[in-house]
Amino acid sequence: MYRYDDFDAAFLAERNAQFRAQVERRIDGSLTEDEFKPLRLMNGLYLQLHAYMLRVAIPYGSLDSVKMRKLAELAEKWDKGYGHFTTRQNIQYNWPKLPDVPDMLDSLAEVGMHAIQTSGNTIRNVTSDHFAGAAADEIADPRPYAELIRQWSTDHPEFQFLPRKFKIAITGSPNDRAVTRAHDIGLRMVERDGEPGFEVIVGGGLGRTPMIGKVIRDFLPEGELLPYLEAIVHVYNRYGRRDNKYKARIKITVHEAGLETIRDEVEEAFVQTRADFEGVDERVIARIRERFVTPDFVAGGAEALEEAKADPVFRAWADTNLADHKHPDYAIVTVSLKAHGQTPGDATAEQMRVLADLAERYGHDELRISHQQNVILPHVRKADLATVHAELKRAGLATANVGLASDIIACPGMDYCALATARSIPVATQLAERIDTLRIEHEVGPLQIKISGCINACGHHHVGHIGILGLDRAGVENYQITLGGDATETAAIGERAGPGFAYDEIVPAVERLMLAYLEHRTDEGEGFLETYRRLGAAPFKEALYGPEKRKDAA
Amino acid sequence: MPRPFSPKIVTANDLIEGDVVYLTADDRWSRSHSEAELLEDEAHATIRLLDAERQQNRIVGAYLADAKAGPNGPEPVHFREAFRSRGPSNYAHGKQVAAGHQ
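Chains A and B supply the protein sequences, listed in that same order.
All residue numbers for the first sequence refer to this note's numbering, where the first residue is 1 and numbers rise by one.
All residue numbers for the second sequence refer to this note's numbering, where the first residue is 555 and numbers rise by one.
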């Protein structure tokens, strides 16, 4: 965990004092909403359908027990006792009142947290692999680089008014768990001649015009990261379209100008930025590394895991919710926030405290939030897994479904979001309940269902194996299905299956897709995506629309 | 031929609480959709929206939303306005608590 210094604390205190004064002036009428809106957005405060919403940054999804308890405190004191973890590893509070928000921000600052650059046309919270620092397949921990990017991008004067928002994701593993190919910039750590560096991917993004990012540099030495990033954002800032909101993201800039042109421009700018940095970033990252406290792993006790598997409930959970740790006597625990029928990504204050306690007692005081809206205990001794599982069970947090059909990503949709065109949460909860009733998901195996309540695609539907997009069709909720999306290092945008389904038809439609997969797969070893890639859309369209409709839809 | 004017209400969000409010005929901001003034004349609707927009220190983002007359007052036409008048569907939070909706 990175420890913040006095500079960070002073910066936050000053920023919060400014915002407190701005809120006071809005309430006493000195500021109009037009004047106040950009100020509140700079501090993560939105106005949604039913209330204000405060989006708090969780830098690269990493936090400790003190921070998690603070999130619980906010949920209880100023919200309705829960918080919503998002697909960008942040947390959102759905019910704050305007006069309370400065107090919430001061309270967050006590533990070094804030809501800065969680909105607006700036570089947003840097996201990362939620297994960072723990994964067995990792080349190096990406979080020091993520922290470097956080410090560089926070209040960067050149990048406060970009053409549009800008999202960076970073992973230290060849297996991409951070969806790097669907970000404005994706950074994937690779090795060349034994030296770590980055594959730099640019121009990915979902939303209205989904695009898979393109490799602009196949190997960037780690010491040149910041000047290269600055060169990219500099070129984007200059050429990005400000005339049309829907064409303002860097993916459009890259698409319209062509990758070669953008690459040439970036390399030219890079000559200057590299000279300007004078190696300062290399000194900063050395200091960041010193401030990252790495756990002292305790050897032994691994045999306890096999013994605990005598309990079938534990065994089912261990099969789905554990991942390989770089230390042989440890495991990575993913705590599902997807209990069947519950809102994906929501945790109560009580659950947050249980997670904080478990992290403190059994997890080297570390927690992560995944873009899949689950919570990770990255470092748990195999000897402690049975105890951790029992405690999670008591808190309603032991659902054994990570990576399965009911581990659904869903944006808040029209239950909260002012931009939404349809609801997504009840589709997710009803689908998960149906899957549970059918007792089908362990047989179906790994399946990613992702639901967005509008074209902006916060629910990542384009890269779901099964994607669901909620739309408003002539005043009625309608749900479009995409098939074959992939969020990993083999990223792909799903293809539209055909006409959409009504609100009460969408759950049965997805059920038919799962049954069609079971019917057509070669054996248990062939996953949904592989079957789709082998056979194409035809058998799935038939399952959705029947033989007649399939012809119309084709 | 111009399209016939469909009835509207003026709605916004409260500045302090952020929740949904409706402009009433007697110039109050009500939390209840059924208390909204149903605006059946286009010119009058435009004036009422201007009245609302002048109240910057009380509300945010006033707009005209389609509505229809019902036995207990105006009712929402579009599902978005129906959700705004009730609250989210995943928890019994928001207006539905006070109004006794399911």
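A portion of the hints provided could be inaccurate.
In silico DSS-like cross-links for lysine-lysine, where the CA-CA straight-line distance does not exceed 30 Å [said to hold, decoys possible]:
#1 LYS165/A with LYS97/A
#2 LYS247/A with LYS309/A
#3 LYS309/A with LYS214/A
#4 LYS214/A with LYS649/B
#5 LYS393/A with LYS80/A
#6 LYS622/B with LYS77/A
#7 LYS649/B with LYS97/A
#8 LYS649/B with LYS247/A
Derived from the structure by calculation, the hints contain no laboratory data.
The hints, checked one at a time:
| no. | hint | in the structure |
| --- | --- | --- |
| 1 | LYS165/A with LYS97/A | holds (26 Å) |
| 2 | LYS247/A with LYS309/A | violated (53 Å) |
| 3 | LYS309/A with LYS214/A | violated (44 Å) |
| 4 | LYS214/A with LYS649/B | violated (47 Å) |
| 5 | LYS393/A with LYS80/A | holds (23 Å) |
| 6 | LYS622/B with LYS77/A | violated (39 Å) |
| 7 | LYS649/B with LYS97/A | holds (15 Å) |
| 8 | LYS649/B with LYS247/A | violated (38 Å) |
Comparing the model with each earlier hint shows violations of hints 2, 3, 4, 6, 8; every other hint is respected.
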